[in-house]
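2 protein chains.
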Amino acid sequence: MTSDALAASGAWMPGDPPGRRQFHVFATDRGFALDSGVALRDVTLAYETWGTLDPDAANAVLLCHAWTGDSHAAGRAGRGHPTPGWWEGMVGPGRPIDTNHWFVVCSNVLGGCQGTTGPASPHPADGRPYGSRFPVITIRDMVRAQARLADHLGVTTWRAVLGGSMGGMQVLEWAITYPDRVRSILPIATCMQSTAQQIAWGAIGRRAIALDPRWRGGDYYDAAPGDGPAEGLAIARMVAQVTFRSDNVFTDRFGRDLTDRGRHGDTFGLWQQFEVERYLEHHGTKLGRRFDANSYLVIGKAMDLHDVARGRGALARAMGRITAEAVVVGISSDMLYPSYQQRQIDELLRSEGLKSEYVEVSSPHGHDGFLIEFDQLAEPIAAFLER
Amino acid sequence: MTSDALAASGAWMPGDPPGRRQFHVFATDRGFALDSGVALRDVTLAYETWGTLDPDAANAVLLCHAWTGDSHAAGRAGRGHPTPGWWEGMVGPGRPIDTNHWFVVCSNVLGGCQGTTGPASPHPADGRPYGSRFPVITIRDMVRAQARLADHLGVTTWRAVLGGSMGGMQVLEWAITYPDRVRSILPIATCMQSTAQQIAWGAIGRRAIALDPRWRGGDYYDAAPGDGPAEGLAIARMVAQVTFRSDNVFTDRFGRDLTDRGRHGDTFGLWQQFEVERYLEHHGTKLGRRFDANSYLVIGKAMDLHDVARGRGALARAMGRITAEAVVVGISSDMLYPSYQQRQIDELLRSEGLKSEYVEVSSPHGHDGFLIEFDQLAEPIAAFLER
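Protein sequence lines correspond, in order, to chains A and B.
Mapping the first sequence onto numbering that gives the first Met the number 0, position 302 (from 1) lands on 301, and the numbers just tick up by one.
Mapping the second sequence onto numbering that gives the first Met the number 0, position 55 (from 1) lands on 54, and the numbers just tick up by one.
Hints should not be assumed to be uniformly reliable.
Stated by the list, open to error - Restraint-style ranges between C-beta atoms, simulated for each label pair:
(1) B/P212 <-> A/H281: 20 to 30 Å
(2) A/E359 <-> B/G77: 45 to 55 Å
(3) B/R252 <-> A/D374: 38 to 48 Å
(4) B/D125 <-> A/H122: 49 to 59 Å
(5) A/H122 <-> B/D251: 34 to 44 Å
(6) A/D179 <-> B/D374: 48 to 58 Å
(7) A/A124 <-> B/W270: 16 to 26 Å
(8) A/E359 <-> B/D55: 34 to 44 Å
(9) A/D374 <-> B/S131: 45 to 55 Å
(10) A/A223 <-> B/D125: 32 to 42 Å
Simulated from the structure, these hints should not be mistaken for laboratory data.
Source: prediction; values computed, not measured.
Note that beta-carbon positions come from the ideal geometry of N, C-alpha and C, so glycine has one too.
Start from the sequences, fold in the hints, and give me the full structure.
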């Protein structure tokens, strides 16, 4: 299986330029047990680090990425990294997460497609991509895999665990699963349990991918370059992209402008695009070049299954396991993870006697505000780390 | 082309039981000119009426239906009518729109699939369904077709024109295009110009239909029963269905319940459904049995093109053509047509010196509130008609 043959997916594959990636390969003598009961063998985590770990290992900070993110939290696009760092403005020397001071770690999640074991990875039994054979994973599986990486790096306790959206789900699961390994948490634009509406959006995207005949039931890795499920993935991404933004921003940015204005007849073509459609198409198509549709499915399902209370009794009981201090961040215009969900986190933590604070980012940009509003995020995050 | 052969679509076809439908066939000596410049020949409008037109024709009320509605505003499901009336609770003897008093008319829109000329109708040139040959239509085209029906029925002036969602778009276009034929209007949960976000949702649905290989570029009417683009249409409907409801209602109704609880392994199946997914699938599949995917595309595009200002100068200038009194209704939890859009209508009408009032329905049900909150709609609508 060469990289060329994999051009039907946007997955990074061994042999591609590693960029800043490093790799942690789990011990191969036994499988990595998943919540589903499946044991995954030959697990590799791809990760990046910035800064230097202190001798007492007390300055480690973990960043957890969102759905289509990866370990490249900071740094340029370039060989091996199709996109610039998703928190480029936040992480670096002299930046709010100052890498002169902190040892920052970010790993590609289990099920991902940027170097960590996922559906495009070779199945140990036959060396061919897992495809439809890849198991369902959970946010907890992702976090337990990251804990192995922490062991490998010599990090017993994270000074802080931070992340937005699905990253925030991992933040909560870290604090609940490993209360003695997390000193503080900063979950952003996230929730304790995915809601029915969030599940609905995810499920619609999954069906769009499955409808694409080029998805081939999940086993499309042998397809010719360009013959993968790009359109299904694009539609799934378009659904998400609308929920990531806001009505107001779309109105301000696109209004009712048509593409290729001036040709009268085009206004009345069924497939004549408004500018907002071109924008969605651009983002949908772009994702297909750097992301694997099966990873999109698997990670999306992990989010739908996200429920910190699962198997732990009541929600308060699950959250009560946390010992870390928290700053919980919401975004005023977030329609996907509305700010009431972050207020609930903060309220529950305080009702459990924990030190928690809620900060609302005032932004028109919707859910994606956590990737945009660096000016508003910088101060609370820097202050949070300095405590 | 028999009805049997059309079972690849959910369109009502000649030969199917007519139910309460009546038909108005336009004069065939010349085409019906559309905004696109195309002249549509052999146009038929299917419509229903309730009550009796007074000798002075002063008691006529027009109801305008929404995207997947039809002329069956009131009445049971039964032969010829796959669904009960969409405003069953509002229209009838002694009901808020009292058919003992008013002569009520509702017609299936141009481009529809329940008896009015649309993509499933025979093309005059060859008698085969239009399919991909059906032109793009606009809300104004729908309204001008209804004006022909009004002429046919002897209705010079509507006492009131009412409708929600796309029905409300027609209400506004009626009042602007024919100011001397409309005495009062009641637009509900609608807008003057579709916004970028509304267009985005519509465009995503269109792409899902086009991705379905069984859509066949729009020419699927010869396909075997059950071999039409049902899944593409279902996905498009699922997107819409989420926007028609609300986060709170989904949480209250479905929460995180899984279907087929109890089988442990199922929780971790990629295609294991949460209850909200089963609900969406139910609605998506149901629509495919009674609606034609091409009509869904054409009517959706008409909504995206909705802009009362198009070709009329500024928005205020377009709205200033209205002479009718207005009651504008918004729904508090509407995420698709947020209530600020109805407030804008009311404010603009008043700033143009017209008599207008804004009424907000307090409802958790989102956009679909106009099909649900009869208790709150009854009083303002009855009072509005009694004026």
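Verification of the supplied hints:
1. Distance hint for B/P212 and A/H281: a CB-CB separation of about 25 Å, consistent with the stated range 20 to 30 Å.
2. Our hint of 45 to 55 Å for A/E359 and B/G77 holds, since their Cβ atoms are close to 53 Å apart.
3. For B/R252 and A/D374, the hinted distance range of 38 to 48 Å is satisfied, since their beta carbons lie about 39 Å from each other.
4. For the pair B/D125 and A/H122, the beta carbons lie near 53 Å from each other, so the given range of 49 to 59 Å is met.
5. Separated by about 42 Å at the C-beta atoms, A/H122 and B/D251 satisfy the suggested range of 34 to 44 Å.
6. Take A/D179 and B/D374: their Cβ atoms lie about 55 Å apart, and the range 48 to 58 Å holds.
7. Distance hint for A/A124 and B/W270: a CB-CB separation of about 23 Å, consistent with the stated range 16 to 26 Å.
8. For A/E359 and B/D55, the Cβ-Cβ distance of about 60 Å falls outside the hinted range of 34 to 44 Å, so the restraint is violated.
9. For the pair A/D374 and B/S131, the supplied restraint of 45 to 55 Å holds, since their beta-carbon distance comes to about 50 Å.
10. Against the hinted window of 32 to 42 Å, the Cβ-Cβ separation of A/A223 and B/D125 comes to about 38 Å, which satisfies the hint.
In this structure, the one hint that does not hold is number 8.
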